[in-house]
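Spelled out, the chains give:
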Amino acid sequence: MIWNPNKECMSRDEMSALQGKRLHKIVEYVYHNVPFYRNKLQELDIRPDDIQTIEDIKKLPFTTKKDLRDNYPFGLQAAPQSQIIRIHASSGTTGNPTIVGYTRKDIGVWSECMARCLTAYGVTRDDIFSVAYGYGLFTGGLGAHYGVEHIGASCIPAGTGNTEKHLKLIRDLGITGLACTPSYALYLAETMDKLGIRKEDIKLRVGAFGAEPWTENMRQEIQERLGLKGYNIYGLSEVMGPSVSYECQMQHGSHICEDHFYPEIINPVTLEPLPAGQSGELVFTTLTKEGMPVLRYRTRDLCSLLPGTCDCGRTAVRMSRIEGRSDDMLIIRGINVFPSQVESVVLSMPEFAPRYMLVVDRVNNLDTLQVQVEIRQEFFTGVFDTPAAVDQLEKKLAAKLKSVLSIAAKVQLKAPGTIERSQGKSAHVIDKRKL
Amino acid sequence: MTIPQLSIFIENRSGTLITVLNVLKQAGIQIIASTIADTAEYGIYRLICSEPMRACEELKKAGVAVALSGVFALEIDDQPGRAADAVKTFSEAGISITYMYSFLLRGKGILVFRTDDNDHAAAVITSNQLKTIDESALTALV
Ligand SMILES: [Zn+2]
Chain R
1 MIWNPNKECM
11 SRDEMSALQG
21 KRLHKIVEYV
31 YHNVPFYRNK
41 LQELDIRPDD
51 IQTIEDIKKL
61 PFTTKKDLRD
71 NYPFGLQAAP
81 QSQIIRIHAS
91 SGTTGNPTIV
101 GYTRKDIGVW
111 SECMARCLTA
121 YGVTRDDIFS
131 VAYGYGLFTG
141 GLGAHYGVEH
151 IGASCIPAGT
161 GNTEKHLKLI
171 RDLGITGLAC
181 TPSYALYLAE
191 TMDKLGIRKE
201 DIKLRVGAFG
211 AEPWTENMRQ
221 EIQERLGLKG
231 YNIYGLSEVM
241 GPSVSYECQM
251 QHGSHICEDH
261 FYPEIINPVT
271 LEPLPAGQSG
281 ELVFTTLTKE
291 GMPVLRYRTR
301 DLCSLLPGTC
311 DCGRTAVRMS
321 RIEGRSDDML
331 IIRGINVFPS
341 QVESVVLSMP
351 EFAPRYMLVV
361 DRVNNLDTLQ
371 VQVEIRQEFF
381 TGVFDTPAAV
391 DQLEKKLAAK
401 LKSVLSIAAK
411 VQLKAPGTIE
421 RSQGKSAHVI
431 DKRKL
Chain G
1 MTIPQLSIFI
11 ENRSGTLITV
21 LNVLKQAGIQ
31 IIASTIADTA
41 EYGIYRLICS
51 EPMRACEELK
61 KAGVAVALSG
71 VFALEIDDQP
81 GRAADAVKTF
91 SEAGISITYM
101 YSFLLRGKGI
111 LVFRTDDNDH
121 AAAVITSNQL
131 KTIDESALTA
141 LV
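For the protein sequence lines, the chains are R and G, in the order given.
Here my numbering is used: the first residue of the first sequence is 1, the next is one more, and so on.
Here my numbering is used: the first residue of the second sequence is 1, the next is one more, and so on.
Hints were generated in silico from the structure; no laboratory data involved.
Any given hint could be a false lead.
[What the hints assert, rightly or not] List time: in silico SDA-like cross-link candidates among lysine to any residue, alpha-carbon distance up to 20 Å:
#: 1; chain 1: G; residue 1: Lys60; chain 2: R; residue 2: Thr381
#: 2; chain 1: R; residue 1: Lys194; chain 2: G; residue 2: Lys61
#: 3; chain 1: G; residue 1: Lys60; chain 2: R; residue 2: Glu351
#: 4; chain 1: R; residue 1: Lys25; chain 2: R; residue 2: Cys9
#: 5; chain 1: G; residue 1: Lys108; chain 2: G; residue 2: Ile133
#: 6; chain 1: G; residue 1: Lys131; chain 2: G; residue 2: Arg114
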């Protein structure tokens with residue numbers, strides 16, 4: 001099913017024309033309302049009338065997370081405070097959080113995009129849908145919540161706490177839909193096992209998973225253990241929140257709501273736009289946002305765009321899975337290493353739990369990489385009564401890592417449940433190098 | 001011919017061993033003999049105890065990586081040279097001892113070990129009329 005066929009299945013020519021029109025309007029809007037952008041555009045000698053078609057976007061300056069922090073709290077807000085009805089703040093591990101204000105129209109657009117997303121997953125007003133993203137300053141909870149209500153399904157604002165009570169509701173109320181991080185979905189599955197709840201006891205059929213990178217293997221595991229079909233949902237608070245893009249029934253790339261968020265892929269080093277199909281850093285320009293519009297916001301997420309009409313009928317461009325973060329990229333002994341590469345290897349071996357930690361250090365001027373993984377309880381059998389047997393298992397993983405990463409990694413086996421689970425953006429790296 | 005031994009994966013961090021021991025304590029399990037094969041980062045804690053099946057289940061419930069396997073327990077006289085005699089028997093039969101530890105039971109020495117060929121070892125024990133103890137002998141102890 002398609003929520004808004006007019007937009008989701010628009011012809012490419014019509015979409016480009018609409019995007020060009022909206023780009024001109026948004027540039028004019030920020031030029032007159034955000035001193036930060038007016039200064040930047042004036043420095044480049046660009047006036048709003050220079051931007052007429054979507055191709056003109058290449059002339060515009062980029063916006064970075066640092067720009068958002070430097071203009072804390074309201075420096076990039078375009079709408080007057082009286083028009084702002086909601087403010088979210090993204091978690092900043094360093095410095096100020098990013099403050100994002102939304103007007104009533106912004107919340108409406110967000111709900112619309114979320115409705116497109118849920119409809120693509122097959123969610124209807126007949127579903128009981130549980131939102132287990134964090135509610136509060138994080139955009140996940142309320143973002144998904146408004147979309148669920150918008151399509152008329154019954155929304156359960158479960159949040160992330162009290163997993164056992166949540167599972168009771170999933171079983172007793174016959175909840176059919178679930179939105180949460182993929183790692184929380186696995187945590188739910190583990191808790192189900194602990195409580196003796198089988199997947200036959202519950203009615204979950206659709207899962208909207210996002211807010212952290214995950215892999216195809218992780219999807220298979222979640223689908224198998226919870227008995228549902230799991231779809232990717234992508235978004236970021238600087239641009240809107242969840243539902244900037246969403247998978248369809250094909251589960252092959254996520255359709256971008258490109259009438260609202262214009263995507264580009266750039267080379268993260270040269271900042272040059274890359275042709276369709278090539279991997280690089282994803283950049284978004286908000287085409288309709290009033291509260292805090294952004295021009296060419298660098299997401300730091302690495303992926304590629306998949307053009308062409310999808311088998312589902314949508315023409316909206318798709319983005320691939322996030323392959324890594326341009327700022328997560330580790331350079332170890334001169335080789336680019338992404339935590340997601342390690343993840344795919346760990347998830348391909350059933351002996352290990354789907355959790356891992358990369359510890360990078362420098363010993364005698366040589367970078368070292370250690371990968372910590374948890375052995376699964378059910379795979380620790382009687383053969384592991386000697387360290388030699390454990391070493392063999394570690395070596396098996398080390399060999400696979402070497403072939404994927406092109407550098408040697410030392411594997412350290414950890415006891416079950418000892419690597420921290422994440423309920424939001426995953427943190428998988430400890431870099432001890434003092435450079 | 002073998003007795004059950006628990007093998008437990010223990011990380012080299014403070015608090016990991018006591019977690020395991022507390023589970024056994026709360027379950028009322030008595031430890032009869034134990035040894036740790038340690039490496040720089042972890043150890044394999046091998047344990048002979050009362051009610052090994054129940055001990056294994058309780059540890060699993062507590063999230064511990066634990067498994068049961070069979071090991072030989074040979075009874076020898078508590079006198080100098082008896083362990084050497086026993087090991088020599090296996091060595092002459094071409095069997096390698098993977099690991100071994102010992103404890104005293106009612107004035108007798110008990111050698112616990114695993115070999116690289118347990119079927120062969122069992123045959124050697126039978127043909128040499130070596131005395132092994134079984135699980136019931138351990139249960140009688142506690
Ligand atoms: Zn599609």
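Hints versus structure:
A threshold of 20 Å between alpha carbons decides the hint, and for Lys60 of chain G with Thr381 of chain R the separation of about 12 Å falls inside it, so the pair holds. For the given pair, Lys194 of chain R sits about 9 Å from Lys61 of chain G by alpha-carbon distance, which is consistent with the 20 Å threshold. A hinted pair counts as satisfied when its Cα atoms are at most 20 Å apart, and Lys60 of chain G with Glu351 of chain R qualifies at roughly 16 Å. As the CA atoms of Lys25 of chain R and Cys9 of chain R are separated by approximately 23 Å, the hinted pair breaks the 20 Å bound.
Restraint check for Lys108 of chain G and Ile133 of chain G: satisfied, since their Cα atoms lie roughly 11 Å apart, inside the 20 Å limit. Distance restraint check for Lys131 of chain G and Arg114 of chain G: the Cα-Cα separation of roughly 16 Å lies within the 20 Å cut-off, and the hinted pair is therefore satisfied.
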